[in-house]
Amino acid sequence: MELDRETFERTMAAVTERLDRQEQMIRLLVDELKERHSEGKLYIRGERMYDSKELERMLLMGKRTLQRYRTTGELPYLKLHRNAYYRESDVVRLITEKGK
Numbered sequence: 014m015e016l017d018r019e020t021f022e023r024t025m026a027a028v029t030e031r032l033d034r035q036e037q038m039i040r041l042l043v044d045e046l047k048e049r050h051s052e053g054k055l056y057i058r059g060e061r062m063y064d065s066k067e068l069e070r071m072l073l074m075g076k077r078t079l080q081r082y083r084t085t086g087e088l089p090y091l092k093l094h095r096n097a098y099y100r101e102s103d104v105v106r107l108i109t110e111k112g113k
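Counting in my numbering, the sequence shown runs from 14 upward without gaps.
Be careful, since some hints might not be right.
What the hints assert, rightly or not - Listed next, the in silico DSS-like pairs over lysine-lysine satisfying Cα-Cα at most 30 Å (straight line):
(1) K66 to K76
(2) K66 to K92
(3) K111 to K66
(4) K111 to K54
(5) K111 to K76
(6) K66 to K54
(7) K54 to K92
(8) K76 to K54
(9) K76 to K92
(10) K111 to K92
None of these hints come from the bench; they were simulated from the model.
Since the model is a prediction, treat every value here as computed from it, not as a measurement.
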């Protein structure tokens with residue numbers, strides 16, 4: 014099977030265009046990741062994570078209160094390198110429930 018020149022050039026142009034779009038998307042993702050990393054914020058699967066100290070400051074609560082929420086299961090957490098991290102959605106849910 015032989016390709017004529019015009020078909021080959023159209024196919025190559027389409028492939029090149031698609032590769033250019035993918036390269037642009039990758040560049041945007043890398044830039045976003047660099048920005049998030051430079052801010053010193055942790056994201057897991059696109060969701061902002063807070064450590065215990067951040068939550069204590071933000072919510073004006075003590076260590077024991079936060080510990081109680083963890084122990085009772087009211088505030089789910091993730092353990093990374095001996096530190097507890099909390100999903101933003103779980104924190105919002107807790108605030109909403111406690112605010113009622």
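For which of the previously enumerated hints does the structure constitute a violation, in increasing order of number? none
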